[in-house]
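Residue numbers (the working numbering), protein chains in the order written: chain E, 1 to 113; chain H, 1001 to 1477; chain B, 2001 to 2117; chain C, 3001 to 3685.
Since the hints were derived computationally from the structure, they do not count as laboratory data. Cβ coordinates follow ideal geometry from the N, Cα and C atoms, glycine included. Warning: the hint list may mix true and false statements.
When the alpha-carbon atoms are kept at most 27 Å apart in a straight line, the in silico DSS-like pairs for lysine-lysine are as follows [as the list claims (entries may be wrong)]:
#1 C/K3176 to H/K1474
#2 C/K3388 to C/K3116
#3 C/K3061 to C/K3116
#4 E/K112 to C/K3665
#5 B/K2037 to E/K100
#6 B/K2037 to H/K1036
Sample of chain H residues lacking proximity to chain B, with all beta carbon distances greater than 12 Å (derived) [claimed, not checked]:
#7 T1023
#8 S1033
#9 E1103
#10 E1109
#11 S1156
#12 V1264
#13 V1461
Part of the chain C face toward chain H, derived, beta carbon under 8 Å [to be verified]:
#14 H3073
#15 V3079
#16 V3149
#17 L3153
#18 L3156
#19 Q3662
#20 Y3684
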Amino acid sequence: MTGKNACPTKSNFMIPLNHYLLLSAFLFSCGVLGVVVRRNAIVVFMCIELMLNAVNLSLIAFSSYLGDATGQMLVFFVMVVAAAEAAVGLAIIISLFRNKQTVNVDELNILKW
Amino acid sequence: MDMMEYFSNADLVGSSPILALGTFSLIALLVNSLVKNSQKIVFWVCVAGVVVSLWFAFDNFELNHTAFSDMLLVGGYASFYSILFLVITLFALFLSVPYLEKEEYHLGEYYILIILSTIGMMLMGSAGDLITIFLGIEIMSVAFYVLAGYFRTKLSSNESALKYFLLGAFATGFLLYGIALIYGTTGTTNLIRIAAQYPQAFMDPLHLIGWGLVLIGFSFKVAAVPFHMWVPDVYEGAPTSVTAFMSTGGKAAAFSAFILAFSVPMSMHDPKLTMVIAILAAASMLIGNWFGLSQTNLKRMLAYSSIAHAGYMLIGIASGTQLGQQGITFYLVSYGLTNLGAFGVIAMLEKENGKNLSYEDYAGLARTKPALAALLSMFMFSLTGIPPFAGFVGKYYLFASAVQSNLTWLAILGVITSLFSTYYYLRIVVYMYFREGGEELPPLSRISFATVVLSGIGIVVLGIVPSLILDVLKSMF
Amino acid sequence: MQAYIPIFLMIGVGLFLGITFLTLQRFLGPHRPNPEKLSTYESGMPPVRTARERFSVKYYMVAVLFILFDIEVIFLYPWAVNFRALGVFGYIEMILFILILLIGYIYILKKGALQWD
Amino acid sequence: MTTELTIALAILLLPLVSFILLIFTGKRYNEKSGLVGTAFLGADLLLSLYILFAKIPSEAKVWDFTFTWIDFHSFVNNVPLKLDIGIMVDNLTAVMLVVVTLISFLVHLFSLAYMKGDIRYSRYYANLGLFTFSMLGIVITNNYLLMYVFWELVGLSSYLLIGHWYEKKSASDAAKKAFLVNRVGDLGFFIGIMIVWMQFSTLTFDGIFSSIQNGNIPFNSNTWLTAAGLLIFCGAVGKSAQFPLHVWLPDAMEGPTPVSALIHAATMVAAGVYLVARTFPMLTADALLYIAYIGAITAFIAATIAIAQNDIKKILAYSTISQLGYMVMGLGVGAYTAGVFHLVTHAAFKAGLFLASGSVIHAMHHALHQVNDHHTDAQDIRSMGGLKNKMPVTFWTMMIFTLAISGVPLTSGFLSKDEILAGTLAFSKFSGHTIIPIIGFLVAGLTAFYMFRMMIVVFFGDHVDRNRADHLHESPRVMTVPLIILAALSFFAFYSFNPISASHGWFFENVTTPTVVVPESVSATSTEEFVEEVHHQHTLAMILSVSVAGLGILIAFATYYWKKISADAVADALKPLYNFFSRKWYFDELYDATVVAATIGVARLLAWFDSVIIDGIVNGAASVTRLGSVISGKFDSIVVDGMVNFTAYSAGFFGMLLRTIQTGKLQTYIVFALIGLMVLLALYI
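Chain E extracted, bound-state conformation:
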């Protein structure tokens, strides 16, 4: 793939790169904030997914603006990795739930100090 086809024609109609980046940064921050304030392990994990997808957005934007396919390729990898993490994460949360009957991360405190 040379990337020529992947590159949209540059015209006046293009949304500036900065806007994508700002949106991506905003979403990323939302994710970080969610990780800090939410107590449900699954929601915390969803917020992490949000962070990853925010990064995907900027990767696609960069890829599109640079006319280079590497970014898109990386996005594929990120998605697959996120799926694998989701599977493992869910499994861990389930096994925790079986033992403790809760998924509240605040109640995870037998390991400390």
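Assemble the complex: chain E is given as a structure, and chains H, B and C must be docked to it using the hints.
Below, chains H, B and C without anything else, positioned relative to chain E:
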């Protein structure tokens, strides 16, 4: 169309250690699913995979090129680290069998996960591209998350896994964001091609922020303060054999990728970037050693010690010189052997449900098990950095690199914190030799003992004849 | 700003259609409720308990496995796009890839993860 | 490596072999282990003698074997980064080898009888081997790295030896105290080494000295050179029990008496003096001045304390500190050879004194045991008396040692003390510090006084208990033979044929002041001038020293033998002063009140802070009670163990930190990480 444009024999040769281990992991998975009660067979398949992979890695050592259009480095550095990971894996595999049998939770999946994480490590150690680093980290980490929660009926193991998983994934987000920004500002994720765009690319603030985010991601993985707080909890909760593997292999892999990635921006000798890494190093040494002082659980103490050692190794990154990078590499070898040995002893003495892990439980060990006590003392001496053990040479190396790069204050801090650390390392020696005690000990396995003895011999040999490794290092960098 | 016109159009059309259809059915459709109709629809069976209850863990298991195999297809996509250019070599590569997934599938099957009971 | 150096290496390794052998076979052949250890040391002594007789006539100034242990193939400050280690034998080393192995051999021999029947007999001999090995290591290395390693090994093995009877609380406390006080000094030593290494990237004596000679000064400042020298000297302050770290030595008398003879006469405490001698070339005039004063103060304080002691071993302990102060003062004033010479002569007669006191204590123990007296202290000189006729060999040998330490002519002590005093006179002439020679002569008089006080009270007159006296006997041959050998070595003839001056004896001819390498602007008086001046002062020094020693002896006889002066009356008249001396200048109390109290105070403050503020906020009332009990438990252990149990204290402090930071809650971790991130970001921008 000629496919050789995409793929050549050299690529196959270059990736042979990884491919071999991957193939064996698939075979092991097949065996595990098709044969009932096949733990032993799976174990030996995994061992065979590691050995074959080792052979390929040795074979590749003389090479010096890249594979898959610069995605993968071949030979030299990559081979050295592959060998290191594989040896650590081998030790960990042999330590695990008796431990799992003792805990009566012995599944074939355990070994498969171990070698899958090794594949991730090898990718990290031979990465020529940020994508490879990312993939390697993820392959390794996902396997580690599962391994940390391996005792799925134990709450501590669950908790350890979940904490590790959430913080690990969180760190991945930062790492990835950093990679995205670096990609956006240079148009490539390839480390060689990024370096080619220096110094102009380095002036771009977005690019610098990208490296900063990657730095945070790595700091999580190597457990540098203030991104270290998962370490004690995870190390304590995970099965001891897994902790042994994570604290050695995982740390070595993270540093191998750290060196590869940061040799690019550090080549600019930017005072601010150096300062930030130096502060991370200083904070890790201080916090790790100070908090280590007040621990009563050995696994947790070694977790804080692992944070402190991350600090010592970050000195090598901060120095930004070849000397520093060689120092880290040597340090990783000695630290790997030492920690495997120490955790090996702990795993051997551990009783069911994580009992027998505190300092008090080791009182009088010198009388009941003199050989184990002597070995554990040696490991503690090596961690402290007392000659003639390997730990001393490693520290000397890293402190010298700090002095060479005019970071003398960092070297002084390193020395002072090392002195601090003697208190908690040698406390266990005092307990073993000068306190009365001695309860019933679990039966000790010969395999574990042999492994521990081997790592003991390793640190003494490396401590007395460090040139064995030093000469290899010289040819690598 | 011009660049955003398609997006705004998209949002506008989406909102418009959604709102219109929801309002339309309220006015156009007949509205004659009885208890039978208001109860949860479960494939024509009479509902036994409330619908808001916890799922069996087995659902999670299937869901997890589904995500994995579903997302792996993503790698087929670039190959499919350049199928002709990649030729026989690409075909072999993809077969290998599918084979690896197959081993995973065999593992799942043999471990009984897909058995409902 | 030459044959001689191979032999030197063998000298070093033989005691180690003995140690390993005894550790592994000791349990099985318990009774034989003493003989094995002694045989090893005997062989070691013969080899050392061979080295001495080969080295002295040899042309070469030094036999050196250095090899590159680790080569990093890299450069730091344009100096190749590598670690050179090795061994060397110069005249000083050759002499020290003989001194160490001789004393160690005699102690091994003496212990055969003294330690007979001890429950850890083989462990005792194993530890003696380890100790001798470490001490020989200090003497034979040619670099600070190995020296530091052996230095710590000496600390460790002395800990084992002093705490040999660790069931006795006082013994294990004394061992801990010795270990910890030494650590304080070693910290300075270590930092000194680090400064040197940072500048020169080498740790061999030769490399450092030649670098300094070429004008390479740490941080380009002579002050740093002085500081480096003084920091290294800190190590000596700890090991050689110099003021203010002298407090460990008297307590260390809790170990078996032969151990005291070994550790406190010829080896461990001498290591400090040896270190100063080795470092001598890089010491600036300022550093030397400090060293001289430290030595003088130590000599004076210890001598005054010794006057008021009643425990025979305590008297000898303080006299050791005092004599060590003498040596350090000698080196400080620039009388290098005299200082080292005193180290050698002192090793012989002080080891003799300790062994003789051991013989006395042994006899007393035996006698007390026979009369079923378990209350009388076998070491208190007031419960002795009249032992002269009961133990003639012990008496006569001990008399010779006492004459030697008092500096009476014809003894070795006279020769060496005289040279030091002449050195101080010369020094005061050059620098104007007249207080130093004054203290020197004063201490000489005091030494003669308290040593003769001890001799008279122990050996003359009648025994305090007639009943017990019948049971007092001379010690067995194996104990008296070492005494006789050491007594012989306390005569002048072994060191110089001229009974009144050693300056043309073999020692002074061969162990000469090394070339000073510090820049001229900060160096002390040149060696030639100094030696010249010492010759001028020699006669004066001799006359003065003999008179003060004679005076001291006279007063001792007048007070304790003829009873012309009432000791009690004097003590009463000078009560505050007497108390001050007998309570050892209140040093222990001072340290208890400051260092230990500060530790406790901080702990108490933290406990209060922890329980009131932190927990009030974080955890609420329930954990306050729990934590309170934890803290009070910690508090107890701090009070009980004092500053010894540093870890317990730190657990209290860092436990508090941990409770607030490492809460076990995931999101706390993330918040701390994010705060850290902000801080780093602020630095980055």
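Violations among the numbered hints
Result: hints 1, 3, 5, 6, 7, 8, 10, 15, 17 and 18 break, sorted rising.
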